[in-house]
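Q: Chains as they are written, first to last, in numbering that gives the first Met the number 0: chain A, 0 to 174; chain B, 0 to 474.
Don't read these hints as lab results, they were simulated from the structure.
Each hint should be verified, as a subset may be incorrect.
Pairs of lysine-lysine, DSS-like flavour, derived with a Cα cap of 30 Å [stated by the list, open to error]:
{"#": "1", "chain 1": "B", "residue 1": "K421", "chain 2": "B", "residue 2": "K3"}
{"#": "2", "chain 1": "A", "residue 1": "K91", "chain 2": "A", "residue 2": "K164"}
{"#": "3", "chain 1": "B", "residue 1": "K3", "chain 2": "A", "residue 2": "K136"}
{"#": "4", "chain 1": "A", "residue 1": "K151", "chain 2": "A", "residue 2": "K136"}
{"#": "5", "chain 1": "B", "residue 1": "K287", "chain 2": "B", "residue 2": "K13"}
{"#": "6", "chain 1": "A", "residue 1": "K10", "chain 2": "A", "residue 2": "K91"}
{"#": "7", "chain 1": "A", "residue 1": "K26", "chain 2": "A", "residue 2": "K59"}
{"#": "8", "chain 1": "A", "residue 1": "K136", "chain 2": "B", "residue 2": "K352"}
{"#": "9", "chain 1": "B", "residue 1": "K319", "chain 2": "B", "residue 2": "K421"}
{"#": "10", "chain 1": "B", "residue 1": "K287", "chain 2": "B", "residue 2": "K189"}
{"#": "11", "chain 1": "B", "residue 1": "K13", "chain 2": "A", "residue 2": "K161"}
{"#": "12", "chain 1": "B", "residue 1": "K319", "chain 2": "B", "residue 2": "K13"}
{"#": "13", "chain 1": "B", "residue 1": "K290", "chain 2": "B", "residue 2": "K352"}
{"#": "14", "chain 1": "A", "residue 1": "K161", "chain 2": "A", "residue 2": "K59"}
{"#": "15", "chain 1": "B", "residue 1": "K13", "chain 2": "A", "residue 2": "K136"}
{"#": "16", "chain 1": "B", "residue 1": "K3", "chain 2": "B", "residue 2": "K189"}
{"#": "17", "chain 1": "B", "residue 1": "K287", "chain 2": "A", "residue 2": "K136"}
{"#": "18", "chain 1": "A", "residue 1": "K59", "chain 2": "A", "residue 2": "K164"}
{"#": "19", "chain 1": "A", "residue 1": "K59", "chain 2": "A", "residue 2": "K151"}
{"#": "20", "chain 1": "A", "residue 1": "K10", "chain 2": "B", "residue 2": "K3"}
{"#": "21", "chain 1": "B", "residue 1": "K13", "chain 2": "B", "residue 2": "K421"}
{"#": "22", "chain 1": "A", "residue 1": "K157", "chain 2": "A", "residue 2": "K59"}
{"#": "23", "chain 1": "A", "residue 1": "K10", "chain 2": "B", "residue 2": "K352"}
{"#": "24", "chain 1": "A", "residue 1": "K164", "chain 2": "B", "residue 2": "K13"}
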Amino acid sequence: MRRYHIMGLFKDFEEAFAAIADIRNHKIPGVSVDDVTLKSPIEHPEVEEVLGDRGSPVPKFTLFGALFGATFGFLFLSSAQATFLVQPQGGKPVVPLPSNIVLTYELLILFGVLFTVVGFLISARMMTRRHPLYSEKVSLDQIGVMLEVDEKNLNPVKELFKQHKVLEIREEVAS
Amino acid sequence: MQTKDINENIEWAKINADVLRSMENPRIGYWIAVATCIAMVSCAVVAEIYQYQTGIGVANLSWPQMWGLYIATFVFWIGMSHSGTLLSAILHIVHADWRKPIYRFAEAMTTFSLMTAGLFPIIHLGRVWNMYWVLPYVSDRGIWPNFRSPLSWDAFAITTYLTSSALFLFIGMIPDLAICRDNARGWRQKLYTVLSLGWQGDDRQWRHFRKIYLLMACFLIPLAVSVHSIVSADFSMSIMPGWHVTTFPPYFVAGALYSGCAAIITLFIILRYFFRFEEYMTIPILEKICKLTFAIAMVWSYLNLVEFAATWYGHDQVAKELLLWKFNGPYAPFFWTMLFCGSVMPFALAFEKLRRHLPTMFVVSLLLNLGMWLERWMIVGPTLSLSYEPFAWDINWPSMVQWAIVFGSFGWFGLLFLVFVKVFPSVSMYEVKEMVFHRRRAHRPDFAVELHRRATDPQPGRSPQPGQNPSTEGA
Chain A
0 MRRYHIMGLF KDFEEAFAAI ADIRNHKIPG VSVDDVTLKS PIEHPEVEEV LGDRGSPVPK
60 FTLFGALFGA TFGFLFLSSA QATFLVQPQG GKPVVPLPSN IVLTYELLIL FGVLFTVVGF
120 LISARMMTRR HPLYSEKVSL DQIGVMLEVD EKNLNPVKEL FKQHKVLEIR EEVAS
Chain B
0 MQTKDINENI EWAKINADVL RSMENPRIGY WIAVATCIAM VSCAVVAEIY QYQTGIGVAN
60 LSWPQMWGLY IATFVFWIGM SHSGTLLSAI LHIVHADWRK PIYRFAEAMT TFSLMTAGLF
120 PIIHLGRVWN MYWVLPYVSD RGIWPNFRSP LSWDAFAITT YLTSSALFLF IGMIPDLAIC
180 RDNARGWRQK LYTVLSLGWQ GDDRQWRHFR KIYLLMACFL IPLAVSVHSI VSADFSMSIM
240 PGWHVTTFPP YFVAGALYSG CAAIITLFII LRYFFRFEEY MTIPILEKIC KLTFAIAMVW
300 SYLNLVEFAA TWYGHDQVAK ELLLWKFNGP YAPFFWTMLF CGSVMPFALA FEKLRRHLPT
360 MFVVSLLLNL GMWLERWMIV GPTLSLSYEP FAWDINWPSM VQWAIVFGSF GWFGLLFLVF
420 VKVFPSVSMY EVKEMVFHRR RAHRPDFAVE LHRRATDPQP GRSPQPGQNP STEGA
C-alpha cells in the first residue's frame with residue numbers, strides 16, 4: 000500500500016490543535032499523534048501539551064562540550080606551559096593553577112557553545128532539503144499539520160482537516 | 000499616550016511585510032549615515048597607513064604613555080558589546096518579552112563592537128605585520144606566551160565572546176532568515192537559503208531551537224561578566240596607582256552594561272527613524288530601556304564612589320595624589336565631564352516626560368556614552384602620566400593620528416551596523432509574532448484551559464514512551 004504525506008494549513012493554532020486532538024483521540028484508526036509534524040511560524044508553548052513530550056538531546060551535547068572544553072583547555076595550557084621548563088621559572092610553578100582556571104573557564108564555555116550548536120544542527124535535522132510539502136505560508140501566518148499516512152487513511156485525514164476549517168491541503172506520495 | 004509595549008492587534012503578515020520592507024527601502028538619512036561612516040573609516044585608514052609607515056611615534060605614544068586612546072577605546076568597545084548580552088540573554092531568561100522587538104540589533108551591536116575592539120590591540124602594536132603575536136598559540140618558534148598575563152587571557156576571552164555572540168546572533172536569526180528566503184529574489188534568496196540552513200518551522204526544529212537558545216543564553220551571561228572582568232584585570236593586576244583596585248572587575252562590568260544600554264537608546268532612536276519602526280520600537284519599550292540604564296548608571300556611580308573612598312582611606316599615598324590630581328590636574332576638565340555625563344546626566348532618565356521625548360533621549364544617550372568613553376580614557380591616561388617614579392611623569396595628549404583612528408572606529412562600527420540592518424532583519428519577526436500572540440492570548444484564558452483539557456484527555460492514539468505512565472502522559 001502506498002504511503003502519502005499530507006499537510007493541512009490552518010489559519011490559527013486553535014483549529015490546528017483541535018485537529019491534532021482528534022488524531023490523539025484516535026478518530027482515524029491507524030493514525031497516531033506520533034505521525035504528526037506541526038509546522039508553525041512561532042515557537043508555541045503548548046505544542047508539547049498537544050504533541051506530547053518529545054524531548055531534546057541538545058543539553059547532553061552541551062554537557063559533553065563543556066566537559067571536553069574544560070579538560071582539553073587545561074591540558075592544552077599545561078602542555079604549552081610544560082615547554083617552559085627550559086626557561087627559568089623564578090620559583091613559580093610550571094603549571095600555575097589559579098591563572099589557568101581563568102582560561103580553562105573560557106574554553107569550557109567556548110566548547111560548550113560550539114557543541115550546543117552542533118547538537119542543535121544534528122537534533123533539529125538542519126541543513127537538509129526542505130520537504131516538498133513545505134509552504135511559505137507557514138513562515139507567514141499559517142499553521143501546518145503534516146502526517147505520513149497509508150493510502151486508505153488519506154481521505155479520512157482530509158475529512159478531519161476539513162472539519163476543522165482547513166485552508167489548504169497538500170499531498171504527495173511518500174518516497 | 001501610548002501605554003502598551005506593542006499593538007496586540009497587529010497582523011503577523013504585516014510584521015513580515017514591515018520588517019522586509021525596511022531591508023529594501025530605508026530613508027535618505029540612512030544613505031547619508033553610510034556616507035559619513037565611509038568618510039570616517041577612510042580617515043582612519045589613512046592615519047593607520049601613515050602610522051604603519053612612519054612608526055607608532057606619530058601617534059604620540061612613547062614611554063611612559065604607551066597605551067593612550069587605543070587601549071581606552073578598546074575597553075570602551077568591549078564594554079559596548081555587553082548590552083546585547085544583557086538585553087538578549089538576561090531578559091530572555093527572565094521572560095521579559097519587551098526585549099523581543101529590539102534585541103536583534105543589540106546582539107548585532109555586540110558582535111560589531113567586538114569586531115571593532117579587536118582591531119585596537121592590533122593597531123596599538125605599531126608593528127601590524129606581527130599581529131599574530133597577540134594570539135597565545137603554543138609556540139615551537141621561540142615565542143613564549145605568558146598564560147599568567149591578563150593580556151593572554153584577553154585573547155582567549157574575546158575570541159570566545161566573539162564566537163559565542165556571533166553564533167547567538169546567527170542562531171536566533173535562523174527562523175527570520177527562512178522568512179527572508181521565502182520572500183527574497185536574486186542574490187538575497189541565495190544568501191538566505193544558505194544561511195537559513197533549511198529551516199522549515201517544524202515542531203522538532205522549534206523544540207531544539209528553544210533549548211539551544213536558552214543554553215546559549217545561560218553560557219553568555221557568565222561569559223560576558225568574565226570577559227570584562229578579564230579586561231579589568233589588564234589594569235587591576237598591575238601595581239600602578241589608580242589601577243590596583245579590587246572593585247575594578249564589577250566596576251568594569253557595570254560600566255560595560257551602562258555604555259551598552261546608552262548605545263541601545265541611541266541606535267533604537269536611529270533605527271526607529273530610518274526604518275519607520277514606530278510600531279515595534281515603541282515609546283514604552285524605550286522607557287523600559289531608559290529605566291534599566293538609570294539603574295545601571297546608579298550602580299556605576301556607586302562603584303565610582305567606592306573606588307574613590309577606598310583610595311582616599313587607603314595607604315597608597317601615590318594613588319591618593321593621583322586621585323587629587325584627577326580632580327584638579329590637567330585632566331580635570333575631562334574627569335569632571337566624565338562624572339557629569341556619567342552620574343548626573345542619567346537623572347534625566349528618571350523623568351517620564353524626558354524619557355518620552357526622543358530628541359532629548361538621543362542627546363542624553365550620546366552624552367552618556369561620551370561620559371563612558373571619557374571614563375576609559377581617565378583610567379588609562381592619568382595613571383600613566385603620574386605613576387610611582389617622578390622622573391617618568393609626563394602629560395600626554397593624543398595626536399591627530401590617534402584621534403583619526405578612534406573616530407574611524409566609530410565609523411567602522413557604524414558602517415558594519417548599517418550594512419547589517421540593510422541585509423538582515425533588525426527586528427525579530429518571529430519573536431514579535433510570539434509577543435503579539437501571547438499578549439492577545441492573555442485576554443483569552445479559556446483557550447489555555449480548553450487546550451489543557453484536550454491534552455489531558457485519554458489518548459489511545461499515542462504510543463507511550465518507555466518508562467512513561469500512559470495515564471499521565473502529556474499532562
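Q: A separate judgement is required for each hint: does it hold in the structure or not?
A: Evaluated hints:
| no. | hint | verdict |
| --- | --- | --- |
| 1 | B/K421 to B/K3 | 28 Å, holds |
| 2 | A/K91 to A/K164 | 76 Å, violated |
| 3 | B/K3 to A/K136 | 29 Å, holds |
| 4 | A/K151 to A/K136 | 28 Å, holds |
| 5 | B/K287 to B/K13 | 25 Å, holds |
| 6 | A/K10 to A/K91 | 69 Å, violated |
| 7 | A/K26 to A/K59 | 37 Å, violated |
| 8 | A/K136 to B/K352 | 42 Å, violated |
| 9 | B/K319 to B/K421 | 50 Å, violated |
| 10 | B/K287 to B/K189 | 38 Å, violated |
| 11 | B/K13 to A/K161 | 27 Å, holds |
| 12 | B/K319 to B/K13 | 60 Å, violated |
| 13 | B/K290 to B/K352 | 13 Å, holds |
| 14 | A/K161 to A/K59 | 41 Å, violated |
| 15 | B/K13 to A/K136 | 13 Å, holds |
| 16 | B/K3 to B/K189 | 38 Å, violated |
| 17 | B/K287 to A/K136 | 34 Å, violated |
| 18 | A/K59 to A/K164 | 41 Å, violated |
| 19 | A/K59 to A/K151 | 40 Å, violated |
| 20 | A/K10 to B/K3 | 26 Å, holds |
| 21 | B/K13 to B/K421 | 19 Å, holds |
| 22 | A/K157 to A/K59 | 39 Å, violated |
| 23 | A/K10 to B/K352 | 42 Å, violated |
| 24 | A/K164 to B/K13 | 23 Å, holds |
Checked against the numbered hints given earlier, the structure breaks hints 2, 6, 7, 8, 9, 10, 12, 14, 16, 17, 18, 19, 22 and 23 and satisfies all the rest.
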